[in-house]
Structures are given as C-alpha cells and as structure tokens.
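K.L.:
Please build the complete structure, drawing on both the sequences and the hints.
Okay, here's what each chain looks like letter by letter:
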Amino acid sequence: MKTFDYARAGSVAEAVQAGGRFIAGGTNLLDLMKLQVETPEKLVDISRLDLARIEEREDGGLTIGALVPNSDLAADPRVIEKYEVLSRALLAGASGQLRNKATTGGNLLQRTRCYYFYDTAAGCNKREPGSGCEAIGGFNRVHAILGTSDQCIATHPGDMPVAMRALDAVIVTQRGDGDKRRIPITDFYRLPGDTPHIENVLEPGELITHVELPAPPQGKQTYRKVRDRASYAFALVSVAAVIAVEEGKIASAALAFGGLAHMPWRNPAVEAALIGQTPGTAAFEAAADALLDGAKGFGSNDFKLPLVRRVLIATLRDLTQ
Amino acid sequence: MTLLDTVLGRDEHRSLRMDKPLPDSLLDRGAQGVIGQPIDRVEGPLKVSGRATYAAEYPAERLSYGVLVRAPFGSGKITDVVADEAKALPGVIDVITDYPSFIRNPQQGGEKKAPTQGVEKVDYHGEIVAIVVAETFEAARDAAARVKVAYEPAEGAFVFAEHRDEADRPPPDQIPPKSSQGDVNAAMASAAYTVDQTYTTPSQNSAAMEPHASIAEWKDGKLTLHGSYQMVASDQMQLAQALGVKNDQVRIISRYVGGGFGSKLGIAPESVAAAIAAKRLDRPVKVAMARQQVFDATVRRSNTEQRIRLAADHDGKLTAIAHETLASNLPGEDYFEPAGIGTHFAYAAENRLTDHKLVRLNWLLSGSMRAPGEAVGMLALEAAMDELAEVIGIDPIELRRRNEPEQDPEKKVPFSSRQLVPCLDRGAEAFGWSARKKTAGDRRGEWLHGMGVAAAVRSNMLQKSSASVELTKDGRAIVSTDMTDIGTGTYTILAQIAAETLGLPLDRVIVHLGDGEAPPAAGSGGSWGAGSSGSSVYVACEALREKLAQAMGVDPDELTLKDGRVIAENRAVEITELVGDGMKVVGTIQPGHQEKLVRQASYGAHFAEVKVNAVTGEVRVVRMLGVFEAGRILNRKTARSQCLGGMTFGIGAALSEELVHDRRNGKVVNRDLAEYHVPVNADIPQLEVEFIDGRDHHANPIHAKGIGELGISGAGAAIANAIYNATGVRVRDYPITLDKLLPGLPD
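Protein sequence lines, in the order shown, are assigned to chains H and V. First residue of the first sequence: 235, per my numbering; consecutive thereafter. First residue of the second sequence: -18, per my numbering; consecutive thereafter.
Please note that a few of the clues may not be correct.
[Stated by the list, open to error] Residues from chain V shown here face chain H by an in silico Cβ test under 8 Å; the list is partial: (1) E92; (2) K93; (3) K94; (4) A126; (5) E555; (6) P660; (7) A663.
[To be verified] Pair by pair, the computed Cβ-Cβ distance ranges are: (8) H:A241 to V:I491: 48 to 58 Å; (9) H:P274 to V:T60: 52 to 62 Å; (10) V:I491 to H:G371: 53 to 63 Å; (11) V:P26 to H:D239: 40 to 50 Å; (12) V:E143 to H:D284: 54 to 64 Å; (13) V:T420 to H:P274: 53 to 63 Å; (14) H:G366 to V:K159: 42 to 52 Å.
[To be verified] Heads up, incomplete: computed chain V residues facing chain H, CB under 8 Å, no partners named: (15) R601; (16) A655; (17) E656; (18) D674.
If you are wondering where the hints come from, they were derived from the structure by calculation, not from laboratory data. As the structure is a computational prediction, the values presented were derived from the model and not from experiment. Glycine is no exception: its CB is placed at the ideal position from the N, C-alpha and C atoms.
P.N.:
Put into structure tokens, the structure is as follows:
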C-alpha cells in the first residue's frame, strides 16, 4: 500500500471538489490498495454523507442512496416485495460481513476478480495499460465469453448490478462542477475494447449519489447464481430475470446476466426472442441462441456456454410455469 | 527443582520403548475421571479473548518489520535486485538479500538439516529472494512493492502433462516408493471382474488461518525465534543449519499455532529471512507472510495421477490391487506424495503393487499436508472400490467386508487393532444406508440425490517424545515439553493425562508447550502427537506415582489418586504432604519392536448424501456421517472436532479445492481465499461423528491411535461415490466441479 492523503467529505459538494478517489465501505478498494493494484494518491471518505436512505418516489419507484449498505437494501421490505430480483441478487453476493460494509454506489464499481488483475507480477491491460493480458492463454475459469476484446477478457464480478440492469436502474451522479447526471445503467458500463482500464462512463471526480429504480415491473422475478461453492464465491454465471406472461404468451421480459462479460450483460435480442411467444422449449432455446450469438470461450471457461444456456432455460421455465 | 537441574541433567529420567504390548494402562484405573471426557480446551478462554500469543504477537524492543520480496518469474537467474527507490522511502531501514543463505523452499517435517538454500538461481515463481525491513509494516510493504528483481529467464517445466513421461522413482526414504508381490498383470488377465482407472488430484494448499510468521531476535550470539511451527526440536536444527550456527544457538518458541496441517512442519522462508535481517541490523525483525506468499512460497500438497487396478474373482474377492502414482516436486526434492500408503493394508489380495514416481516441475515445493498419502490416495482407491462393487453388482459395503484381511496382507503380521467392518456396519445402520438406491435416478425437483460410502484407513505412528512433569510443593503438576498445539487440543489432552494419572483436578495441571528449551517432543504431525507426547507425559507421571508410593511407603499398584489426595492401605494423605520441595521426572517414549511386529492403523467409515443440481451441476452435501475407531479417545470433544475438520477438508478436496498453476510459468494463479475455494460454512451440512471405543495395546501405553488425519482419509471419496450414485456420472478428476458434471447431466 502506498502512502495516501485522506480527506473526509462533509457534503456531496465538498466530495466532488476534493479531487481524490472516493471510499465508502472500502471492501474492494482497500484490498486492492494493500496489493498495490490500486494506488490512489488521495482518498475522499464519503461514508458520513447523508446518502444512506431509501425513498419512494411519486412514480412508484425507489431512490436508493449511494451509501445504503447491501444488507439494508436486501432487507428493505419494499425491495423484498416489489424488487425481489434485487434482494435475491444482493443476498447472493459476498458474505454477511461484507454486505454490511459494502455500499450501493461502491458495489456498482466493484472491480474484476481476474486473477491476473490481482497479481502485480502479471501482465494486465486493465491494471497497467499496455502490459498485455495473461488471462488470454492462461487460466480463465471465471472469465468472459461475451463482449471480450484481445486486450481483456475480465468480467464484472457483481450481483447487485446485474439485477439493476434487468430493472433498468438509473444511476444519478454529481460532477465536480455541481452538474447532476442521470445515467441509465444500459449506458453506464463499457466493454473492454482497447481501454479495459476504463470500466464505466464516470468522469474523474464524479460521484454516484443515488440509484433510481423505476416503478416495479410486472411479472415474476428471480435471480439465479451459479458458483463454485455455496457462498463467498463470484458468479460463474448468473441470471436476473423479470418475466410477465399474459394469456399464455410472454408479455414482457427483462434478462440480465452476470459472469459473462465486462459488464452486467443484457441483449435486447434475447428478450425479443421471447416476447409474444408461448412459453416453451422452442422459445427458450431461441432466447439462448440469441444470447450466445458471438459467444466465445477461452479454454477454462468454455463450460460457461452450455451452462448459461441451461440456467437461462431453467429460469425461464420456472418463471413462466 | 529448577531450570538449572534440567540443564545439568539432574532431573530424573524415565524411558519406555514400545517393544511389547502393554495391556495395562493407568488410564483405565484412574479415579479422577477426566480421561476421555469432552472437556473444553483448557486454553480456549485465552484464544477467544485474544490473549493467546501467536507467533507475530510478541512485543520486542526496537522491533522492526520485514516484508518479503518474491521472484516474479518461474525459472531463471537473478541479475540484480534494484532497491534504490525502496530504500529511499521514509522509514525503510534496509533491503537485504543473501543469495546463498536464503532458503529456496521450506524444509520437510522432521529433517535435521537445512532446506535447499540459494536463491540466485530461481526455480519457481514467487520464490522469496529478499526482505525489506522498515520501522513500520506499512513502509516495508510499500517499499517491497517497489523493489525490482531483474533476471535472465531460463527454460522451465511448468506443465505436469508435458513432463509426466519423464517421471522417475525417488530414492527410498522412510517410505519405499515401490512394493510388489505376486503378479498383478496375470491376475488382471484372469479375473472375473476388473477395474482399471486413472484418477487425478490437483495441488492443494493447507490454507491455515494463521499465515507463516516469525519474530527473530539475537542476543549474545543466540537467536530466539517466535515462530508458527509444528515440530520445534527439528525446526531448531533446520534453522541453525541454515544460518550456519550451532544447534544450541537457536531457540524456537511456538506456543500457539493457528493451524498447520503440515505446512508448518519444517521451517519456511520467513524464518531464515527474519533471522538474517535481525542479525545484520542488530534488532528484532518481525515477518508475517502475506496470504499470497503463503500460496506462492510455502508448501503445497502435490497433484497426483493415480492408476488403480483391481481384480476380483467370482465371489467378489480381490485377487489383485495395484496403485501407481505420479506426483510432482521441485528438482532436487525427493519428497513424494505417498498416495499408495493406505493401499498396503486396506484390503486383502494376493497380488499387489504400489509404486510412486516423481515428475520434476518448476512449481513450489510439495510436501506433507493433512494425511499425506491417504488423503488423496483414498480419493482414488475408494472410488475404484465403488466402481468394482458396481461391476460385480454387489453393495459397496459388502465388497469391503469380503475383502477384509485377517492380517497385514503384505507384511503378514497381525493388525494391532482393526475395526473397519464394525465402523462400516455401525455407520450403515446409523446413516440409513439401506435406503440407498442402487442406480441413479432419485430426482427431487431439480436435484438428484445419492449416497456414497468409503472406508478410512490411516497409518498409526509413534515418535520419540519427551516431557517433564513436575509435582510442585503446592500440589500442582507442571507439564513441560516442546510439543505444539496446532489447534488440535494438545494442551487439553496432556492436562487430562496428567490429571488422570496423578489424581489432580484439571485446574491444578499447567501445561507449557512449544518452547525449544523444554524436553524435545515428537511435534505435531502424522497424527502421532497425542499418542507420542501423551505417552511421554504418561511415562513421567507413572514414575511420579512410584515416587509418591515410595514416600508413602506403599506399593505403587495400591495407590488411588484423586482430587489431590493419595489413598492407599486405608490411609489418605494430601499429595502436598508427599512431594516435599517438589518432584520432577522427564518421561520419554520411544518406538520399538511393535512398529514392525504389528500393523498399526486407525480406521473409519464415511457416509455421505449429496444432491446434484440437474441444471447446473452444482453439488451440495446434504449430510455426512463418519464412524471412527482410533483406540482410546482421550477427549471426545477435541477428537470429534478433529474428525469434523478432517471431513470438512474431505469435502473441499472432493468438490472445490484446486491450486492452479499457470502453464506458462508455473505460478499459483488463484492465490487468495476468494479464489482458492476451501469450503465455507454454507458448504458444510450437519456432520455427525461417532466413535467406536477401542484400546490399542501395541500402539503406546495410553492405547490411543492417531485421529487428526483419519477424518479426511476417504471422506472425499464418499462424496464422489455419492455423486455417482446421484447422477450416474463418474468424475475421476478431482475436484468434482460443476463443469465436469455438466456433459453427463440430463438435458
């Protein structure tokens, strides 16, 4: 860990003008600093800002403060009742202790668990642009099969953001100049391309203050996570699903995936293959085909292709029965 | 009695060699009633309140902090260690490297010489090549990350499969690599039923909660090292040899150890680096390895490739067993994972073969990890037995019953005690084995259920071990030995043995462990700790009883000792009236003819019920039962905990633990506890442990056999067999992760 400056922000305005990396729960950033993967010159502690509330909006949606701990969000009665997919996703993540510390804003920005990203002796374009990607040609069990580039095949490791992507969440930010932005989650994350070290559209100093959930969606919801042990393991594959069936046909579908890509993955073609169709194997297979169009394994993660197909079909079957 | 008496050898000594069986034990005649009882750990309150001092927790004046620097390449030669930037950081005292003296890798347990030294030539990624010392840990860690190790790379052997054909047989050691009798090939050719399968297991890490740590301090030419070590006496010799000083110039203190599982049997790089730095800087140096360094540069359990051949006649009686193992290790290191060790005596068969060969790789050292040999050997053997039972069409328990040997099938000597079949029978009844379906197909929703069984065998060993026991004039007993307690319960069982034999309440027995100046013990390894160190305490206490009898003027056999009172011939006196200024005896137990005249081992049976998700291949253990026979159970609580821990290890070995080596440079890829998957609480269901009471008169005077490694032996195989019973998919490549099951699962 490199020596760093520390400032405690008294307000959002103070925070965005402080010029440093924000820290709240620190569950990811501190680990990375100890390993010298992250070496911020300055930390701006935002943990005391008044951003830890969950409020209902007039349109029926929720506004979630960026500092709401994962545990609290998962246990909120409104979330449990109306956004089941989100509550389930949160509880599938990390461990009880980590969920108590991890915040909503911070969790959106959790960094990859690529083994080579974590090892400063390894080439990693995400950690050190231009140093190569040792995951390609190396051990890549947890790596991406969609949206990869020849520079990076890392995944976003989160669960909560996958559910938020299925729910069409909006990320509310404030920039150093005081401007506020409302960024649909669809536009928030970036694919690795040639710049895998840039993971989202936030500008330097821009602070996530809230996450807005639209009014609760119609239909049934679930979050299904497949992993290498029963708890405290990142998703090999996860599915956040919201499906409504009306008069025997799929009326609406929102499907987001974890463990497959550099971002929580959502492909409109998957949903298009389902909407208007009678629930059944043909439609589910078509959705899986659409999802896996262009998917590519890198050796140790080849199994993700058949795995996500099976998980998607089982999830669709569950929600449409 | 003083320390000086010990040093001058004025203590009374009593020694016992296990040359003949000892059917009579004071522990069966004790009046105190503490032996065997499920007594809480005597040091438990210290541990849960943070007062038990682990290696890195001792204060020292002018203490400095060391952080180790690794070689960032898999094979080659260091050309320079560039430390200018590191040395310029505030608080940094020095960056030290000593190519000839730094150890290349840890030493194996019990060795009396230094491990391989010299780090200029690097043989594996992560080898420790320098140490940064600073006034604070934070400064040292920052500086260590700024040290640049320049090198010339060299060719290396990084992929097991690419070098397996170059395997060679290591030289004979305590364990001969090869044994053979009869003609396995002929038996296979003429058998009614055969199995010929190859099983593979990956490298594993002990993943002890406490990382390797040392505080080194020199005073008047003598080194005191607070370390986290399992075998203090031999570790002291290893460290002295590595530092080029006399054995009596090194004292290791290892009072509490936060788990070892074999990874702390021999000295590791942090001890030598800390000692060298402390000497050069003339101030104490503390080094605690980072978790990643524990994965990179301590010791792994070797990966294995095991070919098992079984041949059986029409009655399901084995005619041949062959167990051929390939393991791996660094060039120049001859330790091999003895996967066939339990196969020597597990089952009867006329034609037999065990063989072990080593593949030389540029991976970190391989060495002993909990139940070296059996832990992975039985993953193969007991899965193969399950396969054979299916081929024959009989119940797997019945197959084992039919092949129960009457005596050691190789050495033709009797078993000292053996209750494998009773363990299987008791387990089958308690577990409800009769409800097991013969073939896969018990589907409940998305989940496929199945049951599996496996036998557990684990060799029992006795090692020379000494302890002093002093009866003080205020009527307490002080047990002192360099034996360690690595979380197993040594403090507690030694206190129980002394309390039982001397008739003292437990709170009047004080146990001092882990100090290299105390009488040398067997150390914690090979499950011999309780039997060996416990017997040394027993021998000392037996001598003390004779002294008490003498003081009272009666025959020792007539003594009853209870609650601090000595009773004989209708007289009862307080023990304090007999001990004078104190009585002290150093007791020593030594292995003898019993080692060869009988086959000693502990036994058990594992039963597992699993469910496998038909969609994803995820495996969940639903319940598990282990029934064990290990002679006398000294403490039902700590013994049960040992078995629970072993079974949990077994679940990890079966389902999730795999140390992955990068195929380009051999480095450990998954080097933290997020990615090296030991089971978490959610993976562990209700585990049940039952003991079948036993007494092994050949093992030692306390009649106890090893238990620390019994619980892991066979545990993973029961799970693998249950997975097969659930799914019809036989995965022979451990761990059984979901990707290996997926292709065989229903659509």
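K.L.:
Flag every earlier hint the structure violates by its number, smallest first.
P.N.:
1, 2, 3, 5, 9, 18
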